[in-house]
Structure formats: structure tokens, C-alpha cells
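There are 4 protein chains.
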Amino acid sequence: MAVRVGVLGATGAVGQRLIQLLDPHPEFEIAALTASDASAGKTYRQASKWRVDSPIPEDVAETTVTATDPDEVPNDVDLIFSSLPSSVGAEVEPGFCEAGYVVSSNSSNGRMDDDIPLVIPEVNADHLDLLEVQRDERGWDGAMVKNPNCSTITFVPTLAALTDFGLEKVHVSTLQAVSGAGYDGVSSMEIIDNAIPYIGGEEDKLETESRKLLGEFDGAELSHNDMSVAASCNRIPTIDGHLENVWVETADDLTADAAAEAMREYPSLDLRSSPEPLIHVFEEPDRPQPRMDRTLGDGMAIAAGGLQESPFGLQYNCLAHNTIRGAAGASVLNGELLLEHGYI
Amino acid sequence: MAVRVGVLGATGAVGQRLIQLLDPHPEFEIAALTASDASAGKTYRQASKWRVDSPIPEDVAETTVTATDPDEVPNDVDLIFSSLPSSVGAEVEPGFCEAGYVVSSNSSNGRMDDDIPLVIPEVNADHLDLLEVQRDERGWDGAMVKNPNCSTITFVPTLAALTDFGLEKVHVSTLQAVSGAGYDGVSSMEIIDNAIPYIGGEEDKLETESRKLLGEFDGAELSHNDMSVAASCNRIPTIDGHLENVWVETADDLTADAAAEAMREYPSLDLRSSPEPLIHVFEEPDRPQPRMDRTLGDGMAIAAGGLQESPFGLQYNCLAHNTIRGAAGASVLNGELLLEHGYI
Amino acid sequence: MAVRVGVLGATGAVGQRLIQLLDPHPEFEIAALTASDASAGKTYRQASKWRVDSPIPEDVAETTVTATDPDEVPNDVDLIFSSLPSSVGAEVEPGFCEAGYVVSSNSSNGRMDDDIPLVIPEVNADHLDLLEVQRDERGWDGAMVKNPNCSTITFVPTLAALTDFGLEKVHVSTLQAVSGAGYDGVSSMEIIDNAIPYIGGEEDKLETESRKLLGEFDGAELSHNDMSVAASCNRIPTIDGHLENVWVETADDLTADAAAEAMREYPSLDLRSSPEPLIHVFEEPDRPQPRMDRTLGDGMAIAAGGLQESPFGLQYNCLAHNTIRGAAGASVLNGELLLEHGYI
Amino acid sequence: MAVRVGVLGATGAVGQRLIQLLDPHPEFEIAALTASDASAGKTYRQASKWRVDSPIPEDVAETTVTATDPDEVPNDVDLIFSSLPSSVGAEVEPGFCEAGYVVSSNSSNGRMDDDIPLVIPEVNADHLDLLEVQRDERGWDGAMVKNPNCSTITFVPTLAALTDFGLEKVHVSTLQAVSGAGYDGVSSMEIIDNAIPYIGGEEDKLETESRKLLGEFDGAELSHNDMSVAASCNRIPTIDGHLENVWVETADDLTADAAAEAMREYPSLDLRSSPEPLIHVFEEPDRPQPRMDRTLGDGMAIAAGGLQESPFGLQYNCLAHNTIRGAAGASVLNGELLLEHGYI
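Protein chains in written order, with full-length UniProt numbering: chain A, 1 to 344; chain B, 1 to 344; chain C, 1 to 344; chain D, 1 to 344.
Hints are not guaranteed to be accurate.
Pairwise CB distance ranges (calculated) [unchecked claim]:
1. 85(C) <-> 261(B): 53 to 63 Å
2. 285(B) <-> 46(C): 45 to 55 Å
3. 251(D) <-> 129(C): 43 to 53 Å
Once the Cα atoms are required to be at most 30 Å apart in a straight line, the calculated DSS-like pairs of lysine-lysine come out as [unchecked claim]:
4. 49(B) <-> 205(A)
5. 169(C) <-> 49(B)
6. 49(B) <-> 49(C)
7. 205(C) <-> 169(C)
8. 205(A) <-> 169(A)
9. 169(A) <-> 169(B)
10. 205(A) <-> 49(D)
Pulled a few chain A residues facing chain B out of the computed Cβ check, cut under 8 Å [to be verified]:
11. 42
12. 43
13. 195
14. 247
15. 291
16. 295
17. 312
Please keep in mind that the hints were generated in silico from the structure rather than gathered at the bench. All residues carry an ideal CB built from backbone N, CA and C; glycine is no exception.
The whole structure should be built from the sequences, with the hints applied where relevant.
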């Protein structure tokens, strides 16, 4: 029987992607949709300006949207997906956890908290057990797991494949799609025939979230990886798909061939949304490209290419679909992991 | 009296920009236009598909195009600007030098030759005296000076401003406009809603040309700078203006403030096409941007911004107009330098 | 058992789409791929620069490409799909028909010939019987059917739905995607931040093909519809999907409501590639839009919207995926029709 | 001595263009800048997010912005340029006229009022005398003149050149740039790789404003032109420049040659911002194009091309820079006309 799920912030860009992914999902059944108070009481069709490239599922369209409040969500909902703006998330998500809901959240609030697992299942599924610590400390019946920022998710799986070589220094430049900023985040006048070398707060997310994700959890405490990461973030005129240039310096020698092999063999999981292979490594030097490769693995694969030895260690490019693998799909995959690990 | 000049490869993208810049130039007078044999004998209007954003100068339009051959160019032409494809340049440029013409070339052939000065006037005007060595070795009556690749020109002036701090390691990611590949270089199907993390040969140009430009000329020999440079190059859907993310590690401590001051104070030259200031340093973290800032200093300024201390030294962004400062304007400026230094 | 098919011009943009559509098609099996002489003898992977947004089918990738010559195609191939440049098509397609092959061609040569059926199955399937006349006149064992130009296919089904009202005058402005010109047809420098109000020969195709498609076939001769059509064609910076503004003046009164009903009820066919509904009529005034709606009906539906009464009759917008419904899918659908009507 | 002018709504997209045009204007001197209450008291640099492609004029940057209220504007200001949102314009513009200010407004409110002159100086400068009627009726010391909508301005001058042939029916399809909607009007996710066949209220503006502009003023009353106009409006991914496809049916025969001649000879005015020629007629069938031709005549020219005889009268394309000729420049030109006609 499918788990009944709710979506917080269901009308936004990530909320729409969540609905697109959850509607056909055999393990989950959409049972609650919340949005701002202004939308409460409307049908989802009325409340949302649907802009995903497949029609609104008919039953979702007729669902009545409620306010984002634990009291408005049916008790038989067992799992909550949250794609709220971080300020709203900070305010309302803890209330859902207190009320007993398990929350898989894409919102950035709390991601770096010591007792909140920040998880990419193929990378650090074992961090999920931090939830025991979390429940002890916070006294929640529910639980909160976060997925990282879209630009972090894009490059961390490739680094995870290289940890055996001793990660030391990482430089990363991002070329990010406009959908990462939400539907109204980037105006057309800002970005057509242009690029913007700044995304507020983004560099810090890449630098800190990556070290938490690749850290070690000893059952009680989580230590962050001690590599150093320097990020430079750019917005470019693409719709979907974040492309990243990466340089990695490692303690041990690392050839391009060894890196390609490590990435190709890096395992995916036996979860519905985890693609096989997880990392698709291209031979062609001009790949991956956002429009060509963002839908690999139904948007859940990581694409890598251009592996070569640079003057300073390994150099390569990687790509992921920022609103699927980087946001909505990441939350759904964390939901699948929560289910498998018995938290639901 | 204006110097009579010729343009080799006058119908291409850089050739058109050269004409746009040379036509109103008080020191130069267009006296010869060459193109492929197929165009020889036609008027320039017939031979070129003019696509620059100002009308063809009327007198240029009616000029008869000749083949790219020293015998076809009038003897009273004193300076040749070349924007030939590098394979053609390698074949025909030496003939012009032998025939006594001074050539300011944007073509990539020969840039790394020991006796060919690769010059950005504000950075290494003193390298021009390598022409004495060149004439000795090659027995040319003419001379050949090259300007670097467009992506090299964008970041080297900012590095030049920082040499006192002891340049050691440089990482650079480029976001390059489509005009850098010429009119037919990038098809629309390749680049709309996309980015391409590969430009053939480009990374090597950034890595090697920068070290030659920042090298020392002792009057006899040119030694290259011993910094190391690692480059990653991307094509994005912008028309003009290359944007670059740079990280610099230096021997001495380098704060963002000290770097900004060094860039702001880096001198321009008293040449017509050298802008004042040479480097425009933005305070706003989201600048420079290609569409907003590529025309600073009539397209000849370097824009920099986002200066900050990263985990590994200084981090910043820079931008230049790739077909003006990065190509046609670079050649014209070298022409002005040749004139000032008495080579014409 | 699946019909064995060949693809002429298999490496081009439409050829790649044909392979993408034919590979999973249960009624057809790809048995021959042809291209220019330069590609003959190579595997398809070597010969094509694959740029469709799904991977090359593995068995197709390893197929050896032959020259475009009837002698090079196995005899047990029963149906040929052609997406050759029209000049090449004019030269080689008749040879295939003489050699006994039935050809479903997307190439523009011969479309207006009196004895060549120009067919959109949902619009004028009965024109297919013109093949009897064709065989009589040309003495072919094979046969040739054409689908119209992509911009013609976009608006003709909507007109077909309105024929009962007496079509008299039609104005149509097109906003066409770059893929309509093939992979290298439109350079990025031509179209980024731009639009081009001219596509050579396109206006004439809309004006004449539409009248042939809506004409009557009496079993012996085809008379063209006597409506008048005036077209104005524009290229805009979209990848796929032609959008068209249409005004129709009819002999009888035609309200927007009646037109919407006629379009909604216009029947599709019981062929695999004919979508249900054929015409998707939007209520939202700002639809259809290329990126949102081009994949309706797997790219085979026609989308319409903005129906309103203008000062001069009915006004509306329509949209179709130009390389699926407008080209490769159109040829495949004609192949299905040929099969159903017993020509294969 | 320069006329002291104020700009209402100075921080918006058109407000910034107004400042860019007025700052170097020898007849006008910027003496007041107004914006929303939230901006009042700030310097212009603080209040505006400057996004025009030339730096903020230094003296403007330091000017203190006031609320949009006649009491906040110095009495010695003689002319007001208004680029307010229409709802705000409707509310506050009359107050400025009552307080004695002459207002040249780009806002759409009131454009179709019987006693408000809607003026393109080269087309209907004589309508300006409607101001006498206006003052009689409204008892204003000041006066109000409007310029039309950007998409109207683009095609009306070409129609004005053809009035002698007896305009009867006009069809027009527009391909409009995103800047027409203001800085945040069109999000990047809406328009990249897309087109939107709907701009709220725009079709009606083309259909009605054009008839008012080409109407006759007999000294007491203005009668509208009795041609019929049907418009279909599209937003496309270009930054600046509206392109329009036009069909005109006339009472008298009209050849493409006669139309081209009439357009070429249509006179400009002896006003600073009126370009010579007013209408630039291209021979090349693929022109005008937005990126290539929008800056003709410093953005104040009308470009036309593609003139041909269609099945229903004349067909052609036209183009104008929508934020210069179509908005800010239109208001400035009306200001110059007011000055010349002695209203200031």
C-alpha cells in the first residue's frame, strides 16, 4: 500500500516538480497540498500557475490546497515533502516534526545543523541514523532530513567516487540554469545574451554542504570532511541543468583514467529513483551539455566528462538536472530511503 | 597624415570589426582589403555578409577586394592587420613580412614562437623590441606582432596588476560568447538553452600565452613567467563578452582590497585605443556581466568584480569584449604601439 | 511481423528524429540507413553527429551506412523514409520508386506535382489513391507520397476543421524554431537576441501546399482548394515548435466557440502515430507556447488557442512540433497510412 | 537656456531610458526625479537598480528622489516626462496638469480620451492643438500629451506613408522584445526557448491607437481613421526591438515599389530626436532584424523591409526600438514638439 504524502509549498517551481514525480510514483500517494494562506481553499488548478512540461495530473488539479500548518494536514499522512522558501521553512517545518510528521525537505534552512542529516542516498545513506540523535535532542515524534542545494548535489557524487584518493583541495565553477532560482527568480532582461557571476549565498553552500556530506558519522557525532572547497557561481541562460567545472587535488596520485573508472563503478542504490549507473562518464570531450544530458536517468543521473590531468590534479566537468536530481527528485529519493530504513 | 593600412581576411567576423574600428580611426586609412580567391574582384559589399551592428562605411563598401597575396596589396600600404584563420595565416603571413609589410595579427599561428612578440600594450609593450631579434633571425624587412587569444586577453591584465604579489597558481574558468567562434562557428541548435564545456585548443592558449605575456624580455631572449595556469573553457549563449572566474594563489599575502587597489591603479597607455582606466573594478558583487559591461571603454576596458579571499588565495571575475579588446581592437592597439615605437 | 524500412539521409536532423521514432516502433524495423558517399561504409555512430535528446539506439549505432542508391538497399526493404535535401531528393528518389520501393518522403521536391499525393493522414487520407494515377503515369512499381512542409502542417489541420464554414481568405504569420533549418541552418550569431523575418521559399510553401492539401480528389484528378492564403515567415530563437498566428475569413459566420468546437471534435485516425485528440484547444489565452506544448501527443498533436473574433473573421494561434509532427513524425504517419491502405 | 524637466517614475525601465536620453540633451535639464514613496529621500543611485547599458550620469546618481507628487517638484520645472504604471498615471498625472505642469507621458492611461492628443510628431503633429480643447474642457493650466504604445509606434509611421492609397484593412502580427514589459515583466523561465502568443491588452492598443493617430483634427474635434486593424501579439526572446509583419489592403492599387518610395520619402521633422530618414527601407529580404537594426537613427528610426505584393494587398515587415522610439524617445520627441509649438 502506498504511503500517503503531503507537499508543502506545492505551487512553487519545486512543488510542481514534486507533484510531477510523486503522481505516478507507486510507493507514494499525494494526500495533502499546502501553500500560502492566500491559496488555501482553492483547488490546486486555481492556486498554481502550472508550468512544468507535462499536464497537471487531473486528481491533483481538483485537490483543495490548505494553509501550511500541521493542523490542516490529515493525520494519516506519513511523509511530508517540503519545498518552502527557507525563511518559511525555518518557521513551519519544526512544527510538522513536533506533530509527528517525517519531513523530507529541500529547503535550505537547518541544513548545516549538527543533528539534521543532510543526505544524498548514494553518497551518505548512513548519515540517516543521525535521526536518532535528532529525536533525542529535539524530542520530536517526527523527523527531519534535508537534501543539499542543487549545485552541491551536482558535484558531490563525483567527489564521493574519488574519496579513496584523499580529497584535499577542490575548485568548482558553476554554470547554473535559471530554474534554480524559481519561476520568477531571474528576469529575462537580466539573463538573455548575458551571464551573472553571482548567486547570493550559493558559494558558501557548495563549500560547506559538500564537507558535511562527505563527513563521517560515528553513531553519535558527525565530523565534516577536511578537504577545502572554493566555489564560484554563475547564472547562465539555460532553462534546466547545472554544469560545473571541477579541479581536484588529492593526496594520492590520480590519473584521468583512474578517476573515470572510479566514477563509472561508483554504485547506485536499489531505490526506485536511484539510476543505474549513477554517474554517466562521457568519452566525448564536449559533453556533458545541459540540454543534451540533463534527462539522463530520468533526470536523476550525474553526468561527467572532460576528465584530464591539469597542472594541479584532476580536472573534469559534471552536470545534473537541477530541479530533479538537484531538488524535487532529491527529496523523493530521500523519502524512498526513509521508507527503506523504516522511518516511515 | 594617416598610415595606409590593409586588412587580411576582411570579410570574416573579426575583419568586419577591424573595418568598423579602422574606418573612423584618425591615424589609419583603409587602403586594401583581402579575402579568399572566391571574393577577389568583388566589391566589399558584394563579398561580405556584413553583420556588425553599424552600417558598412560607404567607401569601404565600394572597395574592390583582392586575393590575400602581397603582390595584390599596394606598396604604399605600411601596416597590415590580419584576421585570417590560423591555417591560412601560417601560410601567407610570412610572405607579407618578407615583402616588407609590418603585420599586426590576430591569427593564432606563430603566437608562441620565440621571436614573435605576443603583445598586450598595457601589459608588455617592452616585448615589442623582440622584433629586432625577429628581423635578425628571419631576415624580414617587415615584421610580425601578434595579439593573444580573446580569452587570454580577458584575464591577463588583471594578473599583470598582481605580479608584485608573486603569482604562483592560477585557476580560470571561462564563459565565452559565441562570436568568439566566428559567424558560423556555433550553430543555434548547439547553444540555445545549453552550454558546451569544451572549446578545442582554448585551454592550452590560456595556459601558455599568459605565461609568455607575463614573461621577461632581457633584450635578447624572452623567458616565460613561471606561474602555473589551469583553464577550463565553456561556450555559453551570449553574443559578445567573455566572462571568467579566476583564483590566484600568490607568494605574498594578497587581500581583496589590495588586489582591487592594484587593479584600479594599473596604468593604461597614452594610445588612442587604450582606455582610462584600463581595469574597471566593480563594487557590486554581481558585476561584471557581459551584456551590461562589455562596451566599457568602447569595448577596450577590462572589467573586474567579485574580489574576495577564497580558501585558496584571491578569487574574482573579469570580463572583456572578445571581438573588440579580445581581437580586432587588440590588433588595432598593437598597430598604434608599432606606430608609436617607430616600426612604421 | 514488422515491415523492414530504410532511411535516406539518415545522419541529418530529420534523419535522426526518424531513427528515434522508428527504433521503438512495433510496425517498422530499421533495415537500411543511407547517407552521402562520404559516410558510406562507416557505422552510423561514426557517420552521424547524434544530437537528439535520447541516446543512439545501440543496434542502429553499429549499422553500416550505405550510399543513397537503390542498389545499396536490401531488396527485402519494403518502405523507404526520405529526409534528403530537396536537390538530392529530386535526383535520387525517383530511382527508388522505379526500383520498386514505396517512399514516404519529407523532402520538398515534387510536393506540388499533380500525381504525387501530399498527405496529412487526418486531413486528406483519400488523396493517397492518387498513387494509382501516379503508377499509371510514371510506370513505377514503387510509389511516392510526400508530407508537407513543417510550417504547413502546423496550421492546415486547424483549417481542415473549419472547411464546413467555407474558407475564403487566410493570413498566417509564423514564428519558427531553428531546428526547422537543420543542425547548421541557423548560426547562433544570427539568432540570439534576434528574429529573422524571412525564410527562403517558405511563404510559398504555406500558400500553395495548404490549397493542395485541402483540395478534392475525384479519383482521377486533384483540384486545389480555392481559398487564398498569405503567409509571412519568421525565424525566432526557439529550439523546437513552430507557432503561428492565423486569421481566417469564411463564407459563413464563424464564432470563436463554433471554431473551438469544430477543432476539438475534428477526428484523429486509428493509426499508431495519430494522437487523440488531434487538435488540443486551450482555454488559457497565452497558450499554446512552444516549450510548454510542443510535446503534446508525443509531439504529434496540434495545439490551438487564443480563438477570438477579429475585425476580419476568426483569429487564433496554433503550434506543432516541427521535427516530429512537422517532419519525421509526419513521414512515419504516412508510412502507417500506406501500410493500412495496403500499399506495402 | 535649457528647459528644466522632471521625470515621474524615474527608477523603472522607461525612466532609466528617459534619463539616458535627457542627460546629454541640450534643450532639457533634469531637475526632478520622482518614484514611489519607498524611494523618496534616497539618492537616485540608491533608489534605482540601474540596468541600462551606459553608466548612470554622475549628477543624476546623486540627485535625491522625491515622491510622485506635484508639491514635491520644484516650481521652475516646466516639463514633466511620465513613465508611470498606467494605474498610477491615471491617479497622479491629472494633478500635475492642474498644478500647471506640461506633461509628456508614456503611460497608457487616458490615451484614447477625446481631448488628449496622442502624438507621433512625424505623423500627426497637428493633433497637438487639441491641447486648446483640453484646457478649455479641463480648466488645466498645464497640459497632457501622450505617446502611443511601443507596438503601435512601430507600424503607424509606415501606414502614415501609405495613407494616400486609401488604407482599408490592416493585419499585423507582432514579435515583441521582453523589455517592453519592464525589468521584471517577463521571467526567464517563461521565455527562454519559447514564445508567448499573448500580451494582455496589447492587440486592442494596436487596433485603436492606430486609428486615432491617423485620424483628422478639424480644430475642434478629432475623428478617427476608418481603416480596420486586426492585431495578434507575441512575446519572443529578444531584449530590445519590436518586429512586425504587416498586410495592408488599400482602396487604390499599391505596388511594392510605390510603397517603398512612399516610405523612403516620408519626411522626418526638424526636431533633435527625429531621424533622417524617418523610415529606413531595406532591399535585403531578411531585414530588418531586431539586433541588427534597432539602433538605426540612434534608436529613433523605423526600419522596413520585405515589401511585396501578397494575395491580399501589400505585405511588409517593420521594426523599431521599443524602449527608445517606442517609449522614452517618443516622450522626449513629444517634449521637443511641445517646445517648438510654444507650449513650454
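For each hint, the structure was consulted:
Roughly 60 Å separates the CB atoms of residue 85(C) and residue 261(B), a value that falls within the hinted 53 to 63 Å. Roughly 48 Å separates the CB atoms of residue 285(B) and residue 46(C), a value that falls within the hinted 45 to 55 Å. Taking 43 to 53 Å as the suggested C-beta distance range, the pair residue 251(D) and residue 129(C) conforms, at roughly 46 Å. Distance hint between residue 49(B) and residue 205(A) is unfulfilled; the C-alpha atoms sit about 48 Å from each other, more than 30 Å.
Of the pairs offered as hints, the one joining residue 169(C) and residue 49(B) is violated, with about 37 Å between alpha carbons and a cut-off of 30 Å exceeded. For the suggested pair residue 49(B) and residue 49(C), the alpha carbons sit about 28 Å apart, so the restraint of at most 30 Å is met. With a C-alpha separation of about 16 Å, the suggested pair residue 205(C) and residue 169(C) falls inside the 30 Å cut-off, and the hint holds. Between residue 205(A) and residue 169(A) the alpha-carbon distance is near 16 Å, which keeps this suggested pair within the 30 Å criterion.
Proximity of residue 169(A) to residue 169(B) is assessed by CA-CA distance (about 13 Å); at most 30 Å being required, the pair is judged to hold. A distance of roughly 26 Å separates the Cα atoms of residue 205(A) and residue 49(D); the hinted pair therefore holds under the 30 Å criterion. Hint on residue 42(A) is violated. Least Cβ distance to chain B is approximately 32 Å, over the 8 Å limit. Annotation: interface hint on residue 43(A) violated; nearest CB of chain B at approximately 32 Å, more than 8 Å.
With a cut of 8 Å, the hint placing residue 195(A) at the interface with chain B holds, because the nearest CB-to-CB distance is about 5 Å. A hinted interface residue such as residue 247(A) counts as satisfied when its beta carbon comes closer than 8 Å to some beta carbon of chain B; here the least separation is about 6 Å, so the hint holds. Checking residue 291(A) against chain B by beta carbon gives a least distance of about 4 Å; that is within 8 Å, so the hint holds. Checking residue 295(A) against chain B: minimum C-beta separation of about 13 Å lies over 8 Å; hint violated.
Residue-level restraint check for residue 312(A) holds (minimum Cβ-Cβ distance to chain B is 5 Å; threshold 8 Å).
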